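Number of protein chains: 2
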Amino acid sequence: MYAPIKIRLAILGSTGSIGRQTLQIVRSLPDRFTVVALAAGQNLDLLAKQVEEFQPQLVYYQTESTTKKLECPAQFMPMEGMASYPNVDTVVVATSGIAGLFATIAAVKSGKNVAIANKEPLVMAGEIITNEAEMSDASILPIDSEHSAIWQCMIGEPRRAKYIILTASGGPFRNYTAKQLQKITPQQALQHPSWQMGKKVTIDSATLMNKGLEVIEAHWLFGIPIEDIRVVIHPQSIIHSMLEFYDGSVKAQMAYPDMRLPIQYALLQPDRIPNPDLPRIDWEKLKELTFEPPDYENFPCLKLAIDAGKAGGTCPSVLCAADEVAVDLFLKGKIAFTDIASLVAETLEQHEPLMEPSIEDILAVDDWARDYTLELARKKR
Amino acid sequence: MYAPIKIRLAILGSTGSIGRQTLQIVRSLPDRFTVVALAAGQNLDLLAKQVEEFQPQLVYYQTESTTKKLECPAQFMPMEGMASYPNVDTVVVATSGIAGLFATIAAVKSGKNVAIANKEPLVMAGEIITNEAEMSDASILPIDSEHSAIWQCMIGEPRRAKYIILTASGGPFRNYTAKQLQKITPQQALQHPSWQMGKKVTIDSATLMNKGLEVIEAHWLFGIPIEDIRVVIHPQSIIHSMLEFYDGSVKAQMAYPDMRLPIQYALLQPDRIPNPDLPRIDWEKLKELTFEPPDYENFPCLKLAIDAGKAGGTCPSVLCAADEVAVDLFLKGKIAFTDIASLVAETLEQHEPLMEPSIEDILAVDDWARDYTLELARKKR
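Just so you know, the protein sequences line up as chains F and C, in that order. Under this note's numbering, think of the first position of the first sequence as 898, with each following residue one higher. Under this note's numbering, think of the first position of the second sequence as 898, with each following residue one higher.
Because the hints were derived from the structure by calculation, they are not lab data. Keep in mind that the hints are not guaranteed to be accurate.
One copy or two, it doesn't matter: identical chains are merged, so the pair holds either way.
[As the list claims (entries may be wrong)] Below, a list of computed lysine-lysine pairs in the DSS-like style, where the Cα atoms sit at most 30 Å apart:
1) 1076 with 1182
2) 1184 with 1207
3) 1182 with 946
4) 1200 with 1182
5) 1182 with 1006
6) 1277 with 903
7) 965 with 1059
8) 966 with 1182
9) 1182 with 1059
10) 1207 with 1182
11) 1080 with 903
12) 1059 with 1231
13) 1080 with 946
14) 946 with 1059
15) 965 with 1076
16) 1200 with 946
17) 1184 with 1229
18) 1096 with 1059
19) 1231 with 966
Values in this document were obtained by computation on a predicted structure and should not be read as measured data.
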């Protein structure tokens, strides 16, 4: 009987949204995967359940933030150890913020398949990560629906595309006026119309910062200049992105919004396995797909990110750090929605960029930007 | 200096719409192509100009229909000879109706690249042609925008798709009532909203017969069962068709309606060469793409074709022959627009299908169906 070789997974961030959906894929296709390692942050209750169900060899959680301990036969190991562990084929980086940076670098250096949902590593250290991947022959496999779409449209093409058309839902406040935007509460902002996501990503989607980060990520993943990456608002979130080729032909990838599809594709590519749990587009019900240009004025984060990407060096790291702090302040009710962009902009203005930074440079800049943004916010109150 | 090897072309049907646009591609990319052979029907004036411009070695035109003769240094040779001529790499079959059948078979048997715009050969003799191509290692390269789209979405995929989503503009009479359809004049029907095409194809587009023929063609080109080919009306004609894969992911190919793109792709695939003459989608102006189910009741030709495809054997040949006669009668003002479907349906009803037919069987059936349809039309008047 046909029995495929099982892919051995390390899932970093297993209790988060992408981590949980990755485990759903494992559940749907149990003869395809073995879970070797699970790493979480502070959600020990869920991690305990996952450990019981998937019986990993290795486990990690943030001990400093908890006095509890997980009682299980799995060996405790930091994420970088998991990411380079010999018995692991594919590392799923589903952490958030800067947390996954070192693990991503470790996985890439070990020549693993690195399925990456965490934006910051590529945005902050895209040059380092892609160079390391080239040397070690690691594959960087995007899990983001947009980058997965680009990748699916790229396979089989002999030359890279001319343009990337990155689609964006536009977020829940697409048609808000500047005045309305100022008054948005964290609660309102956490209701995304199409996607189920973590809090940080949901706010980044609402400010369009997320789309800006994706532009930078796409640049590193596909080697296309940022100037040739176009953002188009597509509120239905059915077309997940497009490639425009040198002959003018455009290829688009479509699906109902469901992160399990890009996760499964990243894990099993180039193969496509029937998975009855994944939704199919209902062609009788799909009435229209619409497009409009982004509103750069009311959503300045998009342009801030694109400009930081064009400037390069340490600028994207400052952008990420300042944004992480600002979003956190907004979620805590300490600043207005529109302050997120102002804080990021002012922090970027004060930064003297360093070109071709080392990881140490990036971390130093990250530290500086976090402090600076916090300080700025404090002064404004 | 880099000088690519020129592709040596035989263009059958050079004075028709596809033939002329093929020569436009040759004009746009002169270092890519040499025109070895040109074959036309009765438009000797245009053929003479083409011969002067492209200096082919071989030429063909229908001598029985003209007393004129073309004075040129090119050798006169029937289309089957051109199609198997050693100095030809790619045969462009841009004839219409049954005319290209023998040339297509000759080209396929000689292992050529066969870029095919003429629907009837594949619809009538799909099994014979694809079997011959497999034996001789010939490539059948679709020029139809729909099949080109499917092909572009297929490249690089390790397994065939689950479904083909074939898009259709719906034709100029998409929203007409049954009563309105009866009164359509040939003049009205010849105004297609998006595409520039020959007369026969334009009428077939208006009846949706064209889409039905494309379903059968797609079946032979991509090995997907007719049951798994779905037709969706997409009036903007921007998405030229889609593939839905086993994991639910959909890939679509898009461009403004311009046949030069699929022609160029068929000739140069998998490469995509910048051609400044080809249009690019303006993302600022593209507002919406809409979809709706086809109206099988008011456009019975679509279902007739799909059913003939499912029945197989000689049924698609009867369909093609009856349709060719009926469209001709409509263009001559002898029958109503809605009579096209009735004549085809009645002819199909009277046919006793033959499975796995030889070319001789197909030709005999073609003869019978033409006579029968004409006779039917005569009786009705």
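Hints, one by one, checked against the model:
no., hint, result
1, 1076 with 1182, "between (36 Å within a copy, 28 Å between copies)"
2, 1184 with 1207, "between (37 Å within a copy, 28 Å between copies)"
3, 1182 with 946, "neither (38 Å within a copy, 51 Å between copies)"
4, 1200 with 1182, "between (35 Å within a copy, 21 Å between copies)"
5, 1182 with 1006, "neither (46 Å within a copy, 45 Å between copies)"
6, 1277 with 903, "neither (54 Å within a copy, 68 Å between copies)"
7, 965 with 1059, "neither (53 Å within a copy, 49 Å between copies)"
8, 966 with 1182, "neither (50 Å within a copy, 58 Å between copies)"
9, 1182 with 1059, "between (33 Å within a copy, 19 Å between copies)"
10, 1207 with 1182, "between (41 Å within a copy, 26 Å between copies)"
11, 1080 with 903, "neither (50 Å within a copy, 64 Å between copies)"
12, 1059 with 1231, "neither (43 Å within a copy, 51 Å between copies)"
13, 1080 with 946, "neither (40 Å within a copy, 70 Å between copies)"
14, 946 with 1059, "neither (47 Å within a copy, 36 Å between copies)"
15, 965 with 1076, "neither (46 Å within a copy, 78 Å between copies)"
16, 1200 with 946, "neither (42 Å within a copy, 54 Å between copies)"
17, 1184 with 1229, "neither (40 Å within a copy, 38 Å between copies)"
18, 1096 with 1059, "neither (34 Å within a copy, 36 Å between copies)"
19, 1231 with 966, "neither (33 Å within a copy, 88 Å between copies)"
The structure fails hints 3, 5, 6, 7, 8, 11, 12, 13, 14, 15, 16, 17, 18, 19 (numbered hints given earlier, in ascending order).
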